[in-house]
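Q: The chain contents come next:
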Amino acid sequence: TQLLEQSPQFLSIQEGENLTVYCNSSSVFSSLQWYRQEPGEGPVLLVTVVTGGEVKKLKRLTFQFGDARKDSSLHITAAQPGDTGLYLCAGRFGNEKLTFGTGTRLTIIP
Amino acid sequence: SAVISQKPSRDICQRGTSLTIQCQVDSQVTMMFWYRQQPGQSLTLIATANQGSEATYESGFVIDKFPISRPNLTFSTLTVSNMSPEDSSIYLCSVSQGNYGYTFGSGTRLTVV
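Residue numbers (the numbering used here), protein chains in the order written: chain Z, 1 to 110; chain V, 1001 to 1113.
Just so you know, the hints here were simulated from the structure itself, not pulled from any lab data. Keep in mind the model is a prediction, meaning the values are calculated, not measured. It is possible that some hints are incorrect.
Derived coverage of chain V by chain Z (criterion: at least 3 residues anywhere in the stretch with Cβ under 8 Å from a Cβ of chain Z; other residues may be distant) [claimed, not checked]:
#	region
1	1015-1026
2	1038-1049
Far from chain Z, some chain V residues (derived; all Cβ distances over 12 Å) [unchecked claim]:
#	residue
3	Asp1011
4	Ile1012
5	Glu1054
6	Glu1058
7	Val1062
8	Asp1064
9	Phe1066
10	Leu1073
11	Thr1074
12	Thr1079
13	Ser1081
14	Asp1087
15	Ser1088
16	Cys1093
Beta carbons: idealized from backbone N, C-alpha and C, even for Gly.
Could you put the whole structure together from the sequences, leaning on the hints where they help?
A: What follows is the structure in structure tokens.
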């Protein structure tokens, strides 16, 4: 079973600050996705990255896929209370099933 | 993307009993996936359900404990059998949407007392 380690596990910051969440594996991903999950709901897809070095932006969120396709980061600029939630990376190794990361619980304090 | 209706949304059950969770998808899908998410933690795949064949279970999960039905391309059930407090968790069904990633139901929060 492949392991995806996310850091930090918990993060609590003030509204307006910036933050970065990391997702790391010892194996190469064929693709990687980021999800956000709010209480009482299932995870919702934010982005899919496929190419090493790829950078995607979604409003205040910037996603980067490492050159070697073993790691990824999610950067949030000017965090807002609506960004609060559980952030999960999920990687596919070859044609195997999707494996979810350990999760980062983010709290934005108004 | 697909819309999944999952029920019940939550339940409190006595140990030793069984609970069946249902997922209905608004479009036909080949595979449906069942996950468990323990409080505050990530998702662990229980099994993959294909229509017309037995589900494929991940390591640590067995059919006798988590029987799955997949009678057609839009519906699946997961039963949690002979429950114990350790089964208290959130159970989620999902479908793959290709480039749109996985779509999830809203989950079933199970508490076993």
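Q: Work down the list of hints and note, for each, if the structure agrees.
A: Each hint tested on the structure:
no.	hint	verdict
1	1015-1026	violated (count 0)
2	1038-1049	holds (count 7)
3	Asp1011	14 Å, holds
4	Ile1012	16 Å, holds
5	Glu1054	17 Å, holds
6	Glu1058	8 Å, violated
7	Val1062	17 Å, holds
8	Asp1064	22 Å, holds
9	Phe1066	16 Å, holds
10	Leu1073	19 Å, holds
11	Thr1074	17 Å, holds
12	Thr1079	20 Å, holds
13	Ser1081	23 Å, holds
14	Asp1087	19 Å, holds
15	Ser1088	16 Å, holds
16	Cys1093	8 Å, violated
The structure fails to meet hints 1, 6, 16 from the earlier list, while all remaining hints are met.
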